Structure formats: structure tokens, C-alpha cells
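Note that full-length UniProt numbering has the sequence shown beginning at 1, numbered continuously upward.
Please note that a few of the clues may not be correct.
Said to hold, decoys possible - Pairs of lysine to aspartate or glutamate, DMTMM-like flavour, derived with a Cα cap of 20 Å: (1) K249 x E163; (2) K249 x D230; (3) K249 x E216; (4) K249 x E273; (5) K249 x D147; (6) K249 x E179; (7) K249 x D162; (8) K249 x D225.
By construction, these hints were calculated from the structure, which means they are not laboratory data.
Model, not experiment: these values are computed from the prediction.
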Amino acid sequence: MPLGTLDRTAPPFFKQGPSALSTLVFFAALALFLMVADARLGITPPLRMAISTVLYPLERIALQPVAWVRGGLGYLQTVQSAQQMEDTARQQMLQQSQRANQVEELLLENGRLRALLALRPRLTVPEQAAEVLYDAPDPYTRRVIIDRGMLQDVAVGSPVIDEAGVLGQVTRVHPFLAEVTLLVERDYAIPVLNTRTGARSVAYGNPASDLDGGLELRFMPSAADVQGGDVLTTSGVDGVYPAGLPVAKVDRVERRADSAFARIHCIPMARMEGARHVMVLQPLSEQLPPRPAATPATPQGAAVAGAPRGKPAAGAARPVAAGAAPAPAAGTPAAAVAGTGAARSAAAASTAGSRLATPPDTAPASAAAARKPALVAPAASAPAPAAARAPSATPRAAPATRAAAQL
């Protein structure tokens, strides 16, 4: 067959469609329409939901093999971890059983010793369960709100603990709610006891120490016996927290040559973030015996203890009225006393005569001074010797002579 007679047209089955450019323009316009319809008209969501509902069984069937493989691997891992946990729990149970036997013996011995020394029995602190509702809205404080308040006998100062240790303390009480300040609040102080050494100290809150906050022991000497891993418990000396509650564990100790104090960072035992269920304890101060009343201080210049009140001490001077002769001192001769009395009587008589003869406006200053009662203040110090205070035996007639001359 000659080549020019061949039919070069495509068979009907392999006939070519529209051109590539036409196809591109059509599908681009369709995509643009679907995007506009999905964003503006809201036509596609029902269609999408229908397609998703139809394809859901197929998706589940396709995912079943993957779920079976994951379930099998998880089962094997769970069995292996369960066996390891069982072995660990058995070992811990054996250790705890040995410690329990020792604790029973120690409790009996402690009871006998306390009875022998007649010590007061340990206090039992009442407690009640509570649930943490939410954190305080203030972002600058570390507080939580619990669902117990004044109507449930929650008081300010009540300690709050969780399953791991001390969480904080109640600082504000409402009728149905209460605010609990966490241990990591800035400068929050709690007395602690190092269980390894028995040394007492004070732990302060430091919210910037770690991500969740922590505690630090301040004013501890660089040579203090504190190591990483030491457990700190409440000492019970503050009258708020019962003794023996876990507080924190020492994380690291920083000792520097240029400082006399060490920086001791601690990690709280309780969960400062995510605590859900807690226990509210009654403050220890409500169960302690009352403190003795303070003895009032003795004012300065008070009477000496042992001396009877209302009676002057021996040798102390007494007030003397005007014109009256003072009492004779011990050891003064009787003649000297009599002479002195006569002289004073004569002086008083002459003074009275001068008052009658002299007008009131020209009265001498001596008469005005004589009208004032001559009071002698009591001596605050030791009395002078009797010989030093004894009046002269010779009568003093000088005032009487001057008065007679004026008359």
C-alpha cells in the first residue's frame, strides 16, 4: 500500500480532547470558585460533612492494622513494666516490714521513757480534707483558693499539706472559701529541722529560684553541716506547724570564699503547681498550754522589797511644820534640846510682836518667809550620821535680839 493512502487521523477511542491551555483555565476557575464559595457562601461545609461521613468507615478499616500493632506493643511493654514494678514493690515491702518492726519497738521504748520522765503526750492535730478550686488572680503572689472556709472551722494560720508534705498556710478566710499562701511565696518563712544533723534553721520562699519556685536557707555559715539530699521537716517550735512534716529537700549548696554565708537551695516536697486535694490542719497554738502572764517591771525609785509600805526608813527626815521644833536626833543631849526649844520660842514671840507693829505693806521678807511652812524633803539616800544632824547646844539668840532692837 502506498504511504500516501494511509489514514493519519486518530481512532475514535484515542481522540484528543480540549487543549492543555483550555483544561488549565477550566480547573483554575473551578478551584477559584470553590475557594470563594467555601469562604463566602458557605456551600461546601455540608458537602464536606457528607463526604466525611461516607469515608469514615473506610478510614476506620484502614487504621485497624495500625491500632492492632500499637495495642500489641503497648501490652507487651505494660506487662514488662508491671513485672518490674511488682519486683520493686516486693523489695520495698520487705524493707518496710523490717522498719515497721523497729518502729513498734521504738514506740514502746519511747512510751516507757516518756512515762518515766512524766512528759506530756504528743498532740494529735485535727484535720479536714479540702479541694483546690483555682489559683489566686493576682499574678505577683503564689496563692490558691480552697473550698473550705469559716463555716467549716478553718482559721487564719492553719497549716495546709498534701500527700507529699507542707503546701502552705491559710492567710485569709471567707465564709465558704479560704486563701492559702504557698511556701514559695517571696520571703515566706517556716522553721525547719535537718533530719540528718538535727540542726534547726529557717527556710524562706524564693519564687525565682526555679521554674516552679523553691526555698532557701539564709544566714547559714559556710562551714554549716548541710549536704545535698538532706531532708528538712517542720521543727514545731513556731507553734503553728506540727513537728515532723516534710517540707523540702536540699538541692545544692553554694559556698563562696568572699562570703561568710552559704547559699542553700531547696526543693519543696509538696507540689506547688497542680495540687488538687489537700488537708487543712488545726493550728498547733490552739492546743498548747497558755503562756504565763508577763511580770510587770518595777518602776524606778520604787520601795525596796521587804520594807513595810507607809513607814519611812530609819533615819529618814520627816516634814516639820512652821514654828514647831524638829525632833531631836538620836544621841542629842537633853539640855541642848531644851536650850534650842527656848531660843526658838523667844524668836517666834519677837516675830509676832514685829508683825503687830509693822504695816502689812512694809512687812519684812523674813516674816513672809516665816509664814511659809518649812518642809524638809525626805532624804533619798542613806541618812546622815546623828552627830552631823544634831542641833547646837548653845541657844541662837541673834533673831530675838534684832527683833527687840526694832521694837
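Status of the hints after comparison with the structure:
1. K249 x E163: 15 Å, holds
2. K249 x D230: 6 Å, holds
3. K249 x E216: Answer holds: K249 to E216 is near 10 Å, not above 20 Å.
4. K249 x E273: 17 Å, holds
5. K249 x D147: 29 Å, violated
6. K249 x E179: Between K249 and E179 the Cα gap is close to 25 Å, so the pair fails against 20 Å, i.e. violated.
7. K249 x D162: 16 Å, holds
8. K249 x D225: 14 Å, holds
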